[in-house]
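A.B. asks: Below are the chains, spelled out letter by letter.
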Amino acid sequence: MKSPFDLPNLAVVFDELRKGRHICVEDGDLYRSLLLEYESFRELFHYLGFALERHPRDFFYFSSDLGFTPVARRMAVFMFILIEHLANEGRSVEEALTSGYIAIDTLPHETSKRFRRYMDEAGITVEKSINTLTRHGFAEYSGGSKFRFRSPVYRFIDLCLTVIRENDPGDEVDDTELLSALGQEESMDD
Amino acid sequence: MEYAAGQLVSLGFLEEAPYATASKELVPAVRKFLDFLLRKQQLTPVAVIRSYLESLEQMSQDLDGAIERKETGNALRILDECNDIIERMRSDSADNLEAITIQTLAIKSNLEKKSVRERYMIINRIRERYLVPLREIIDIKMPIQNSIDQLHRLFKEGQRTFLAHGLLAEEFSRSSVRLLRLRKSVRFDFIESGREVEPLYRTLKRESQILKGASRALEIIDHKGVKNLDLDFPITFMRMEGMLSDDLLEGYFHKLAGYTPAPPGVIQDSISDDIPVDFIDPDQLRQKIMDALPLEDWFAWLLKNYGDASLEVLLHAYVHVLDNGYEVSFKDEPKKYSHLNYTIKSCPLTVERQT
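Listed in order, the protein sequences are those of chains A and B.
Just so we're aligned: the first sequence equals residues 2 to 191 in this note's numbering.
Just so we're aligned: the second sequence equals residues -14 to 340 in this note's numbering.
Bound conformation, chain A alone (with noise of 0.2 Å):
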């Protein structure tokens, strides 16, 4: 019978999820290993008192209890800021998040006075934002002067989405589908 503790890449897997690691597809081997043995993964880390998150849009990390940590605080403003700022600029944000390099000196975080009072206040710099974001698996360099988020990114677009929920529940998207029944109708017609 083959053992529990038995998961290919068991120990980097582990000791990257601890550290509040996202891992994705960029991530190799360790994201085929969470792939391939989700479920035996997910067991066995909850018995160790932890909990596999899968995300839809495919990547792995360690949920917790542990409330808004400063940490995730910190993150979440740097976030917020470029969120705003994008949108402000006419690009599509999940585009903008998802596709392509960032070079670091047009991040809008210390042009603004209003942006830099809320990064002063959050006690975070641009440099130390985006390398934790990195060292979380948010986020990659490329070089010294460029960056780009990786898919776990969408965990940010998320929460854009809960602040929403929560604080406007009235202001969610409108589901209603303007040609299903008509498309129907049409068929029938046919």
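FYI, nobody ran anything at the bench for these hints, they're computed from the structure.
None of the values given here were measured: they were computed from a predicted structure.
Cβ coordinates follow ideal geometry from the N, Cα and C atoms, glycine included.
Heads up, some of the hints might be wrong.
Once the Cα atoms are required to be at most 30 Å apart in a straight line, the calculated DSSO-like pairs of lysine-lysine come out as [stated by the list, open to error]:
#  : chain 1 : residue 1 : chain 2 : residue 2
1  : B       : Lys190    : A       : Lys114
2  : A       : Lys147    : B       : Lys99
3  : A       : Lys147    : A       : Lys114
4  : B       : Lys190    : B       : Lys209
5  : B       : Lys212    : B       : Lys273
6  : A       : Lys147    : B       : Lys320
7  : B       : Lys273    : A       : Lys20
8  : B       : Lys320    : B       : Lys330
9  : B       : Lys209    : A       : Lys114
10 : A       : Lys114    : B       : Lys99
11 : A       : Lys114    : B       : Lys98
12 : B       : Lys141    : B       : Lys93
13 : B       : Lys209    : A       : Lys129
14 : B       : Lys209    : A       : Lys147
15 : B       : Lys126    : B       : Lys169
16 : B       : Lys141    : B       : Lys169
17 : B       : Lys190    : B       : Lys98
18 : B       : Lys289    : B       : Lys320
19 : B       : Lys273    : B       : Lys321
20 : B       : Lys330    : B       : Lys316
21 : B       : Lys212    : A       : Lys129
22 : B       : Lys212    : B       : Lys169
23 : B       : Lys209    : B       : Lys273
24 : A       : Lys147    : A       : Lys129
25 : B       : Lys212    : A       : Lys114
26 : B       : Lys141    : B       : Lys126
27 : B       : Lys316    : B       : Lys289
Output of the computed footprint for chain B on chain A, the stretches with three or more beta carbons under 8 Å from beta carbons of chain B [unchecked claim]:
#  : segment
28 : 12 to 23
29 : 32 to 41
30 : 54 to 68
31 : 78 to 91
32 : 117 to 124
Following the hints, complete the assembly by docking chain B onto the known chain A.
C.D. replies: Showing chain B alone in chain A's frame:
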């Protein structure tokens, strides 16, 4: 500039303006054409389409009366008006589709760098003001369809009533076909417009929600401070505090790998001779019994052969002959036996043989 203006005047596109000497204006035909082109780029409000439908409803009542009274002239006039409205509706609907397509393309390309919020507002306006109300108009479950159905029935009835007036009957038939074409084209335009608008609307709605969420969080920071921003965003970070570092642990294990344990101590065999054993081996006992059979007094024999054993061991051995298939019998007269500090009274047990 003057040359170009002169050329346009000579070609009949411009004429002198009546209100000033050095001014030109478009000739009415060109202005009308350009108005038409401009209108094609603009959306016809649904209120206008609704007013068309209300007019058609009124006309169907008038037409009903004209058919009933067999008023050919009146019926023909009303039919003309109906046809005009039907065609205007069809044209406006097609123009709407074109205008919507152009506007959605502009939103998608976003050459003007409009913010997500602005683009969402534009697409939402198109959807809410033009498409959602239009859906009510073309939805077969909506009451407005009854009016159109009624008009269609009247066209058929008029065709039958005025059969003798060949041209008028044919005009009713044509109007009926026009109405059918209107229904189909409005429906087609609506579906096509929806296909342009819906995906963009959903994308921008989501983008707008993401932006709103980020802005709302920053607003909370403005009012309550960063430390009071409490969101559901669990991230685990387990630091190995109080434990050995990885390097130390690795060194420790290396040391363990080279560890040779000392040999275990030797067990001394001689000790066992001095240990008193208060036990009668059953195999040895059976062999002794077999050699001594028959036994007149079983307990007396035990005392003679195992006099050093404790009373408990002797009694344990005593039942041996009862449980192992020996032929035994008790004598009637009880007898007293002495062993260590005990006196035991029992009827002597005779053991004959093993069956």
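A.B. asks: Please verify whether B/Lys273 and B/Lys321 have alpha carbons no more than 30 Å apart.
C.D. replies: Between B/Lys273 and B/Lys321 the Cα gap is close to 24 Å, so the pair holds against 30 Å.
A.B. asks: For a C-alpha distance cap of 30 Å, please report whether B/Lys289 and B/Lys320 respect it.
C.D. replies: Since the Cα atoms of B/Lys289 and B/Lys320 sit roughly 16 Å apart, the hinted pair holds (cutoff 30 Å).
A.B. asks: Keeping to a limit of 30 Å between CA atoms, is the pair of B/Lys141 and B/Lys93 held or broken?
C.D. replies: 46 Å, violated
A.B. asks: When you check the alpha-carbon spacing of B/Lys209 and A/Lys129, does it fall within 30 Å?
C.D. replies: 24 Å, holds
A.B. asks: Take a quick look at whether A/Lys147 and B/Lys320 sit within 30 Å of each other, Cα to Cα.
C.D. replies: 111 Å, violated
A.B. asks: Measure nothing beyond the straight line between the CA atoms of B/Lys141 and B/Lys126; if it is 30 Å or shorter, mark the hint as holding.
C.D. replies: OK: B/Lys141 and B/Lys126 at ~22 Å, within 30 Å.
A.B. asks: Assess, step by step, whether the Cα of B/Lys141 is no farther than 30 Å from the Cα of B/Lys169, and give holds or violated.
C.D. replies: Roughly 18 Å separates the two Cα atoms, so the pair holds.
A.B. asks: Hinted pair, alpha-carbon criterion (30 Å max): A/Lys147, A/Lys129. Please report holds or violated.
C.D. replies: Holds, at roughly 14 Å.
A.B. asks: Holds or violated: B/Lys209 and B/Lys273, Cα atoms, limit 30 Å.
C.D. replies: 99 Å, violated
A.B. asks: Has the segment 54 to 68 of chain A got at least three residues whose CB is nearer than 8 Å to a CB belonging to chain B?
C.D. replies: That given contact holds, which follows from 7 residues of the segment 54 to 68 of chain A lying within Cβ reach (below 8 Å) of chain B.
A.B. asks: Hint check: B/Lys320 vs B/Lys330, CA-CA at most 30 Å. Holds or violated?
C.D. replies: Given that 30 Å is the threshold and the Cα spacing comes to 6 Å, the pair holds.
A.B. asks: Has the given pair, B/Lys209 with A/Lys114, been kept, meaning a C-alpha gap of at most 30 Å?
C.D. replies: 18 Å, holds
Hint violations for this structure: numbers 5, 6, 7, 12, 14, 22, 23, 29, all remaining hints satisfied.
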